[in-house]
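Make a model of the complete structure from these sequences and hints.
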Amino acid sequence: MSDILGIFNKLAPQQKIVLGVAVVGTIVLMFVLFGLLNQPSYSTLYTNIHEEDAAKIVDQLNNDKIPYKLESGGKTIQVPTESVHEIRLNMAAKGIPSSGIVGYEIFDNSTLGMSEFIQRLNYKRALEGELARTIIQHNGIESARVHIVVPEKSVFKSEQKSPTASIVVKLKQGANLDKESITAILNFVSSSVEGLQTNRVSLMDTQGRLLSKDHGTDGFGISTSKQYELKQSIENYLSQKAQTLLDNVVGFGNSMVQVDIELDFDQVEKTMETYDPDSQIAISEQTTKTENIGSNMVDSSAQVSENTTVNYEISKTIQRVIQGSGAIKKLTVAAVVNEVPKTIVEKGSSTIIYEPRPQDQLVKLEQIIKNSVGYDINRNDNFSLVNIPFETNISDPLNNEEFSTPGTFD
68 MSDILGIFNK LAPQQKIVLG VAVVGTIVLM FVLFGLLNQP SYSTLYTNIH
118 EEDAAKIVDQ LNNDKIPYKL ESGGKTIQVP TESVHEIRLN MAAKGIPSSG
168 IVGYEIFDNS TLGMSEFIQR LNYKRALEGE LARTIIQHNG IESARVHIVV
218 PEKSVFKSEQ KSPTASIVVK LKQGANLDKE SITAILNFVS SSVEGLQTNR
268 VSLMDTQGRL LSKDHGTDGF GISTSKQYEL KQSIENYLSQ KAQTLLDNVV
318 GFGNSMVQVD IELDFDQVEK TMETYDPDSQ IAISEQTTKT ENIGSNMVDS
368 SAQVSENTTV NYEISKTIQR VIQGSGAIKK LTVAAVVNEV PKTIVEKGSS
418 TIIYEPRPQD QLVKLEQIIK NSVGYDINRN DNFSLVNIPF ETNISDPLNN
468 EEFSTPGTFD
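Numbering-wise, our numbering comes out as the position in the sequence shown, counting from 1, plus 67.
One should not assume that every hint holds.
[What the hints assert, rightly or not] Estimated spans, in silico, between C-beta atoms of each pair:
no., residue 1, residue 2, range
1, K239, P107, 28 to 36 Å
2, G141, S221, 43 to 51 Å
3, F223, I444, 26 to 34 Å
[Stated by the list, open to error] Taking lysine to any residue and the SDA-like style, the derived pairs with C-alpha atoms no more than 20 Å apart in a straight line are:
no., residue 1, residue 2
4, K308, V403
5, K237, R212
6, K409, I455
7, K228, R212
8, K123, G141
9, K142, S210
10, K397, E296
11, K396, K280
12, K142, T201
13, K228, G262
14, K293, G262
15, K280, K191
16, K132, V91
17, K308, E329
18, K396, I455
19, K191, V217
20, K409, R424
Since the hints were made in silico from the structure, they are not lab data.
Quantities reported herein were computed from a predicted structural model and do not represent experimental measurements.
For every residue, glycine included, the Cβ atom is placed at its ideal position computed from N, Cα and C.
As structure tokens, then:
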């Protein structure tokens, strides 16, 4: 020890300062490393919990003097790894959290004396919880709730009602669900519930927006909104075709055409069997030989007979045809054509009068319009063509004295 002090005393003042700082730094570093090594590792206790439940959990942890960490804006709580299971059991015994999603673990505490109604109710709750858990796994969904309504089974099949389901999702900040994700969620839920069809599942978010409005189909059909859009699109297309022809024939502004269609959105499946009598195929052939021998020695003659039976089958073709929906069931066309304007000059003043168009011209116009829109008499389509003068001098209410506003000095 004296040798160390002797060496230290021989050092220059600056060297003593540097050595002292190094010793102090080493001691501080050892304390920091010791603290980090002794710091417990943390694991997730709960995630995606509501604020009310998070407040209850934090309050309970503070009362029990258990260290914790808050992540994801307070929605994830972490506690020491070695205590996570014990803490979770203690929280469950106190009914915390109360908003947790319940799945099939609800049957872990089932009793033998449970009624059939309670069993069905628990199964529905478990199924709803499991579906919600799976939906939450989507990247853009923060939380989800699923409600399933399964009607009681009826003795008569015709009176049996179909089950329905409703899904409410809370999207993450800035997230949106595309059509593929919406379709996937609807199909996932419908395939998880017996007898549930996709068009009986509704999906909405917490903002009140119905996300499944364009997906209410059964795989082949078209949703109601899409039916209206298709109807309106075809009507506008046919009206524009006929209007373009009339504008080139009678002039722009001298005609109007409106088309109304009735579409058939029913899915029709037909199975046809076609038989061809001219085309036969041998499916079996049987030959029978019979030999008759004389009854006495004198009559030694023998007779041999042979009979062949061939079974034929007529060629048969089976076709399964599914007719697409959206076919035009009925067409109604209303067309109005302006009369021909004619200028008459009398005593230096000119007057415009309107004369009806010739009948042969109206017949030609009718034929043009019918051909342009695809008129079919076998479909019971309706058509009307009217030749009347158009009103060109429409009075403006703003310029009419009857509607004028009195001035200040009236």
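With the threshold set at 20 Å, check whether the alpha-carbon distance from K409 to I455 stays at or below it.
Holds - the C-alpha atoms of I455 and K409 are around 14 Å apart, at most 20 Å.
Verify the proposed pairing of K397 with E296, using a straight-line Cα cut of 20 Å.
Holds: K397 and E296 sit about 17 Å apart, inside 20 Å.
With a cut-off of 20 Å on the C-alpha distance, tell me whether K308 and V403 pass.
holds, 15 Å
Go ahead and decide if the range 26 to 34 Å is satisfied by the Cβ distance of F223 to I444.
Violated: the Cβ-Cβ distance is about 44 Å, outside 26 to 34 Å.
With a cut-off of 20 Å on the C-alpha distance, tell me whether K237 and R212 pass.
holds, 9 Å
Given the hint that K142 pairs with S210, test it: the Cα-Cα distance must not exceed 20 Å.
holds, 12 Å
K228 and G262 were given as a pair; does the straight-line alpha-carbon distance stay at or below 20 Å?
OK: K228 and G262 at ~10 Å, within 20 Å.
Within 20 Å, alpha carbon to alpha carbon, are K280 and K191?
With a Cα-Cα distance of about 25 Å, the restraint between K280 and K191 is violated, given a limit of 20 Å.
Is the hinted range of 28 to 36 Å satisfied by the C-beta distance from K239 to P107?
At 31 Å between Cβs, range holds.
Keeping to a limit of 20 Å between CA atoms, is the pair of K142 and T201 held or broken?
Given that 20 Å is the threshold and the Cα spacing comes to 19 Å, the pair holds.
Keeping to a limit of 20 Å between CA atoms, is the pair of K293 and G262 held or broken?
Violated. K293 to G262 sits at ~25 Å, over the 20 Å cutoff.
Has the given pair, K396 with I455, been kept, meaning a C-alpha gap of at most 20 Å?
Given pair K396, I455 is violated - Cα atoms ~30 Å apart, limit 20 Å.
Hints 3, 7, 11, 14, 15, 16, 18, counting from the list given before, are not met by this structure.
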